[in-house]
Structures are given as C-alpha cells and as structure tokens.
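Novice: Protein sequences, first through last, are from chains S and U. FYI, our numbering numbers position 810 of the first sequence as 810, with every residue one higher than the one before it. FYI, our numbering numbers position 65 of the second sequence as 65, with every residue one higher than the one before it.
FYI, nobody ran anything at the bench for these hints, they're computed from the structure. There's no promise every hint is true.
[Claimed, not checked] Derived DSSO-like pairs: lysine-lysine, alpha-carbon spacing no greater than 27 Å straight-line:
#1 K18(U) with K37(S)
#2 K40(S) with K87(U)
#3 K18(S) with K87(U)
#4 K107(S) with K18(U)
What follows is the residue order along each chain.
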Amino acid sequence: MLKSKTFVKKTRSGGVLKIVREHYLRDDIWCGSEVCKECKDEAPVLQEHACIESNLCSYPHYLIPDTNVVLHQIDILEDPLIRNVIILQIVLQEVRHRSAPVYKRIKDAIHEKEKHFYTFTNEHHRETFIEREQGESANDRNDRAIRVAAKWYTDHLAKKTNGGSLKVVLLTDDRSNKEKAEQYGLIVYRCEEYIKSLIGNPELMDRLALKPDDQNEITGSKLLFPEHLPLSRIQSGIKNGMFLQGTFHANRDNYLEGKVFINREGEEINEVLLQGLQNLNRAVHQDVVAVELFPKEHWVAPSSVVLQDDSPNDEDAEEDETENKLKGEPSDSSVLQPTGRVVGIIKRNWRPFCGMLSQSMIKEATRHLFTPADRRIPRIRIETRQAANLVGQRIMVAIDGWPKNSRYPNGHFVKNLGSAGDKETETEVLLLEHDVPHQPFSQAVLSFLPKMPWSITEEDLKVRADLRHLCVCSVDPPGCTDIDDTLHCRELENGNLEVGVHIADVSHFIRPGNALDQEAASRGTTVYLCGKRIDMVPELLSSNLCSLRSNVERLAFSCIWEMNHNAEILKAHFTKSIINSKASLTYAEAQMRIDDSTMKDDITKSLRGLNRLAKILKGRRIAKGALTLSSPEVRFHIDSETHDPIDLQSKELKETNSMVEEFMLLANISVAQKIYDEFSECALLRKHPSPPPSNYDILIKAAKSRDLNIHTDSAKALADSLNNATVENFPYFNTLLRILATRCMMQAVYFCSGMDSDFHHYGLASPIYTHFTSPIRRYADIIVHRLLAVAINADSTYPDLMDKHKQSALCNNLNYRHKMAQYAQRASVAFHTQLFFKNKGIINEEGFILFVRKNAIIILIPKFGLEGAVFFDNKDKPSPHLSFDSEGPTLKVEEHTFRMFDEVKVTISLDASNIQHQRIRMALIEPVIPGVSVPVPESEPEAKKPKLDC
Amino acid sequence: MAGLELLSDQGYRLDGRKASELRKVQARTSVFAQADGSAYLEQGNTKALAVVYGPHETRGSRSKSLHDRAVINCQYSMATFSTAERKRRPHGDRKSSEMSLHLKQTFEAAVLTELYPRSQIDIYVKILQADGGNYSACVNAATLALVDAGIPMRDYVCACTAGFVEDTPLADLCHAEESGGGTSLALALLPRSGNIALLQMDARLHQDHLDALIEAAMTACKGLSKVLDGVVRQHLEEVSVLIRD
C-alpha cells in the first residue's frame, strides 16, 4: 500500500482554514472487467462482450461519461440499452454535490446488476490520481482526472487483450475537454453524437436533454422574463430582508397566479401572492424561490376566477389580454394580500411529469407542447420525432430548463405509459403522480418471506398464549382478503365479560431492518383504488399468512379486557397469541345474526355481547365530545369481466360497522397508553390537532343562513350543535353540515412522542391515540406492534426503534404516504366516476349547493357522492350579470340568488372535449335562469324533457 | 451540499482506506536525551510526543505517595498549532484534565507499580497535530516512552479508536470521521492477555452493535502492537550496535 498526502485548503465562514487530510493511494483497486486476468476482482462487473450497436463504434467498448453527461442525460443512462458503463468516483462525487436526485438515480443504476455499471475509485488508485497544478481550477483538474482515468483504462485494457478490440469511449459535451482528450489519444464523442449513432433506438434520441446552446434555436429572441438573480445576490438579499425565501405553489385553477409560502419562523408574512407571468418569472410548482415584496399600494386580492392555459399553440401575443383581465379585478382593501414577484430560483424541484402531447399545428414539426396532468405545472415544450405515435398516449416528460426568452420550459420525453383513457394507463398515471410506489416486490424483498408450507411451530406454542378455543370471529366489508382484526366476547365465571381484540401479528413475519421491512416502511400503507389494491406487504402475507381467515390457525397479537356490564374496563392485558377464527363475516351477515332472534350459537352470542358493549362505549365517547363527521362515500359495482363500473352506491353504515370501529378505537387507545407509559420518548402516536377557529368561518356562515348557530369553542360544543342543527323538511341538511365540518378539520398525523408535546386527538376526543389494529395495511401499526411487544417482553428491541429522530423521520414518510394514498384514492374514484358517466350518457339529478364561488357554484349530488361546479361565465357567450357577496356567501345570477345548501337540479354529462382532463360537466336545470340554466347546447333536448316532467 | 460520505459503496473511506485498515503509524523512541524515556509517534496526521520521568521520589506533599506502589502522574496538553484553528489551550481545562485522568487510569493498569513503592512516575504527553484519535496516539506514544525509560510493564498498551458507520465498524478514525457525528469508541488493550485497560465511548450506540465495534477496535489494537513492537526492536538493534562499538 502506497501512501501520499494532499493538502486541501478550505475557507469557511469568515476565516481561512487550512485543512489537511490524508489521502491514501492504493494498488488494489481493480478495473472491474471480465477480460482482465491481472486484477483480482472476485466478481467483475463489466462484460467481455460489451456491445451497444453503434455506427461510430463497431467494436466492443465501455462508456465513461463525464459529470455533466451524468447530470443531464441521466434518463439515457437509465435506459436498459446502455450497459457496461464506468462511473468514475470523481464523477460520482461531483454529481453528489450538485444534484441529490440524480445521484440517487445513478446509484440505483449502479446497483442494478443487468446494467453492468462499475464504479472505479480513480481518486485512490495509484496510477490515476493526479494533483492539482498551479493555476488550474478545480473543475479543470477534475476533467483532467477523468481523462487520465480514461487513458489508464484504454492502456490497461489494450494490454490485457493484447491490443485487442475492447476499447473505452469517453462521453463529454464540453468542447475543450473533448479536444484535449483527442490530443491525449482517447476515443471521445459528444453524448448526442454517440446516441444518434446507436442502431435501432430512435426513441432514445428523444430522451436526450437539450443543451443550453441548442435552446437558442428553439425559441424566439424576444425576452419574455426578467433575468433571475445569481444565488449570491439572492442570499445576501434574504439576509438583509430585501427578499423572502419560500416554496412556490401554483394555483390549480388559475395559471397566472401562485402563492409563495414563507417557511421561516418569526416572519410576519407567511404567504405572498404572485400574479402575472412576469411576476411568476418561470417558477414551477414546488420550487424554492426568492420573492421581492411590492409596496403596499400594489397589493391585491387573490382573484377567484378560474383561468386555464389552453391557448392553441405557443403564441405569446394573446397573453396580454388575459393578464389585463386579471388586473381589472376590483379590489376590496380588506382582503389585500402581500404581493410580490419572483427574483430568483433557489432550488428547482422538478420531477418527471405525466401528461399528454398536444401536437403542433405544423405537420412535420418536431417541437410540440406537452400538457401535464397536474394543472399546476406549466406546459412543456419538447422535441420529438415520434409525435404521431405519441398523440393520445400518456407520456412522461422531464423539464431541462426554462430560458428567459421562452414562454414555456423546455423538456424531453422520458417514457410512454400507454394510451389515455385506458384503465391501466390512467391507474399508472395516478400512481405516478401521487408518488405511490407500486412496482412488483423485488426478489430481495420476497426472499424474506416465510417458506411455504408454513405452520405454527412448537416454539410459537411455547411463547404464545393459546387462544384457539375462544370463539373468535371477524367482521369486514364484503370481498376483504386482508383481514387484520378479529373479536370475541364471553362471559366469565365471576359475571364479568371478557372482550378480546385479536390483531394479525405481522411483526412476527417482518423483522426489523431487512429488505421486506424497508420496503414496507417506504410504502407506508396499502393503497386501495377502485378495483385494485397496491399492497404494502407481499400478497403471501397480506392475504394468507397474516390474514385472520376462518378455520385456520393464525398468529395474533391480542388485547384482552375484562369488563363489567357497563363496559368499564377492569383489567387490560396484552399478549401474543394463537387464534383460530370461527367465522369471517361481512357487516351485513353479522347484522343479520344479531337481529335474528332464533340464532343462539356462540358466535351470535358473542356478537350480541360486543354490540351491546359497543353501544355503551359509543355513547360514552360521544358524551366526551367525539365528533361524528360525514363524507359522501361511494362504492362502485364493478363488472367482473370488463372491470367497468356498472353501478354506483353510497356506502351504507350498519350497526356492526360502528361495533367493530368502537373496539378498534378502544384497542388503539389502550395500546397508545401502554406504549407511551413504557417508552415516553419514542412511542409512535397519532394526533389530530384542533383546527384554528378561522377554519370554521364558512361553517358558521352557512349555518347562519338557515338561522342556526354552530359553536366551535370545543369539540364537544361542535358535536352538540351539529346534533341540534336540523331544518324541517330538509333531512339531508344535517349531513351536508357534517360534510362541511369535515372540510374544516386538520389532517391527523403520526408523530413520535419524544418530539412533540401535544398528543390530543380532536376528532375522537381522546387524550392519546395510535394505530394498532391494521398492521397488514399500515406500517405505523407494525412499529406500534414492535413497541408493544418490547413493552410486554415478547420481543427484543433494535436500535432504530428507540431513536426518536429516526422515528420522527419515519413518521414524516408515513404521513406523506398516507396523504398521497388518499389523493390517489380520490383520483381513482373520480376516474371511475367519469367512466361510469361515459357509459350512462346524460343524467339529471338533484343536488345541493355546497359552496358558492365568485363565478361558479359547487354542487354535491348525494346519490353519487359527486361534486362538481356549475360555471356562470362562459367564454363563447356574454356572461350573465353576477354579483357575489362574501358575507353570505351568496351569488346573485341575474335575478336568482344562490345560497349555500340550496337544492338544485342539474344534468350531468362527461365532457370529453379535453381528452387529458376529461371531466364531469354539470349544467343547471332548476332554478330556471334565462340564458344560464342550460348552457350546454348538445344536452338541450335531453335536458328539457325531464324539466317538463318535474 | 450534502454531508460527507464516510463510507462509499465500494467500501472505501474518505481518505482511501478500507473499513478495517489503520492509518500509517511511524514512531521513534529516545528523542530527548534529558528525559528518562521519550517517544514521538505519528498516527496518520495525528502527532504525539511523550516524555517519561521516573520512577523518582514523590514530589510535593508526602501525603500523595502510596506505601505499596508507585503513583503515576499524567499530564496531557495540546499545542496551540495542533488544530486547524489556532487556539490557546491553558493547562487544566476540562478536556485535558479528563484526558490526563484517562491516561493515568490506563497506565495504572499496565505498569507494574508495586515494584516501586513510595515513588512517582511522570508521563507528559503533548499533541503536536490533532487529526482524530488523540487519546490513542497519546497512549501509544507513552507506551513507547515507558519502554524507553525501562519501566517494567505487563505488556504494551495499545490504543485505537473505532467508529460505526452504516452498520460497519471503522477502525482508527481520522478527524473528519470523528466529527461526522457518529459513535466513537476508544479502547486501550493489553494485546497479549487481551485485557482491556480502558474503554470509553460517549455517543449512543445500540447494545447489539457493541460487540462488533469492540472486536474491530481490538483487532486494530493488535495490529498496532506489532508496529510498536517493531519500533522497539529496531531501536534496540540500533542501540546495541552502538554499544558493541
């Protein structure tokens, strides 16, 4: 081992420090090629016959990309075609400094065996290490290091193959670097050149990211945007208070408007409004930006109009017109918001976006606009030669940059997902857009599954309580295959009742730290879409070994209480157990058994006991102030063959639903208390913060319009006033009010008890709460199981479980995944609703006004649980006279005044004019307002007939 | 910018070592003529100077002396120029008195103090350049100085640090690795018997990992003992050549 030292000087804030680090050079770093016999590499990565067919290089070769190629062309490198690539350590380090996401992706590529990517530690190799020369910049040195390493490889391989055919090809887009490399005797190509030469891969071409000097050709010379400030000026500006730093959120409904959330504490202003393209200045949703505030007299109110960017092509002229429309808004001084403009981008948060291509008007054009599915993302201009094939397909596109003279950002094509409207494709899109991991489980993950046939062993019997004799049963929705909870209830000899909740013991199968565990932790939750389930754990566990099906022996984690007949807990006891469920019932079956007085078997008795106790528990809970909220939920009846939805049905709630729920709550609360007592620092709990009073404004206003008072001082007051709020002849009113109340709530979140002091669960009115009862579909429950197992000495602990920072990080991931899963679920329901209405044609329905907006009313159709907007301003026609009163809130359209909760009749149809965003269109039938009530001409004949009927 | 990657996927550390490899160790003994024993030791960029006086009569108050064994007096200090930022280091600050105490405990376990009742052995160590593992460099240098002074010991005392990154124990941490926020464990070993003279760890570490970490540190100490033994033997050879002349 040889040793040498380098001296690195580094400056840190203020002073100049001389930092001396050792740098060891080694001669045991192998080249990683199969050809080489001298290097004693045990598992060479690079293949002997490395052929990517290319016009330029007809010989087998390895690729060495330089840093910029990796950074910008990562989409190409990820392609399965590109194999046998040598990633130099210096390149990897530079990538790591400059872009974390690209670093992650290149690392994933390196780990993939089929890709044959090899990392060569050139900086520690005796022959490839170079010292920085006098006057040489760090970048130049790194470029030189890359060339030296490439040269070393060339010579090394030539020697090993006796001057044979195996060569290395350096890829660089830097002109001077290329020249120097050529002088140095290397084979070097520009990335574009090389990719173009590849045989039989035209679509790889489209994935090439555009280089800055290509972009000039694409766009006109007119400057559209102000220049972004350099980072140094932004930083000093932020320091002296001139600029504010925050995350940009584009407005979903109005592409000319956005908000910047300032995430610094102690700042008075935490939201800055941006209006107009110039002021948005190329910020894309989720970017971290620096904004400059306008003086107060320029502050405006957010416009509540809906504007969509659907100009036919990339003409820039018509913008002015729409912008004027924006500015023409009359502004009421009370609602003025801090307004400003973006001066610079601190961090771009671009990811590949799903969407569709809108083909250029010119037939032969290769530049097209891409419309992302997420309306907050601007349209992206891409270059492709296969536009004809891509029309009507869902594709993925990544943004490369947004020059200041271009109306739209430039990007490149990444992947084709399939044809739009296709159920598979749409599901894929909504999973991708909501960042739901949905790939099949990898071999590494599956290798940790128990071997089949699996059975309960002697050891299990020894350490677990044998509860197989108990009359346990499960109650679930129909068609449920992942049964994670079962119940039992029996009378004890002393007259008290024993109630048990038995939860699938998933933590027995998923051991901490292995690949299976990591995958489950990263997925966080099972996602239920219409007709599809994205499992958190492999199916063998979720639907078989962990599923507490009837008449099989299963491992469980039991929570057993001794209660008196008033449902007061006398004793609680937790144990790992073995159970044998006697019946898997649906809610309806269970209800039938309870109601059918002729049935006298053990299961029915047990159910009746549970039901009786549940009622007492529920009553007690509600007395404490637990909220009963409502949301319109629907179920689709799915055709078993075509998987098309054939009918819609609102979810029905039976007594048994609430029975199961009640005991799950009880178990969760008991466990939460237990793990918190045992681990005050690292218990994983769930809290539901009480919402700020302002959230309730809309609810109070809405109730007032019907002369009702809603008290929102506490959960209890709210629950009581909701119970009392009824209007005669309007039975659905209370449900509407509850739906509205649900929208006022905050999100419930997981957290680690050591990191927070407020544990209260507002909705359940419980001082402490956690999730324990669904470990098959939620990762949080697995952690809670592990904590509880440690608390009762049934299992051993491990480092990460007791680390509150790691747990807090885990909680953040779980919260994010849960949120995204919810969004994905809603999106899936929305998509199936569309499919449903596509098949149905036009329907007339009764609905209620849920919200009143400036130019629209939002209507809820209780029958379908469907929400939609009726717009009153139309592009083609002159708008009716509108006057909006935000106090009511009411909207006066011509002569008719719309109030919240008014009953209306609408036609529902599918608007397929925009294939990307197909949406449900609603049009008003009743009340009749001339010029408004039937704004969709095609639906006129159908709409009129029913109108006569009613 | 992301933090430093302490261990790359290829298994190399920041400075190019593998997880179990030590830094280069170089040492010389008898660097001062006035002292009874002295040694200079470099462990990578960490450089330590150790000087030993004694055994001699107890200085200062009599009450300190012990009737059945010798008192070991250790003093640890760092040169002002030893770290990247120049800093005056007064004697007796908390850190150096703690270090002195640790050194004292270490050598009380190794030196055959019972041979010299009512006397005192002074060990002075100074860090000339600090680049991680100051304690272990001091112990190793002091061991050589004690050998040089001809003070009977049970065995060499070899010390080494070990850290824990991405479930892999790293031997002999450098400054960048030590300040990376991970665990650092210092261990002083009597290599032949395998007895531990001192074990010290500040950060939190799960119990499951402790054995692996101690094992790594012990292996490193054994490696060091070979180096130290080589230094002593070489010195002996040089001296004996001189005497023969």
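Novice: If a hint holds in the structure, say so; if it doesn't, say that too.
Specialist: Tested hints:
{"no.": "1", "hint": "K18(U) with K37(S)", "verdict": "23 Å, holds"}
{"no.": "2", "hint": "K40(S) with K87(U)", "verdict": "48 Å, violated"}
{"no.": "3", "hint": "K18(S) with K87(U)", "verdict": "14 Å, holds"}
{"no.": "4", "hint": "K107(S) with K18(U)", "verdict": "20 Å, holds"}
Consistency note: the structure conflicts with earlier hint 2 alone.
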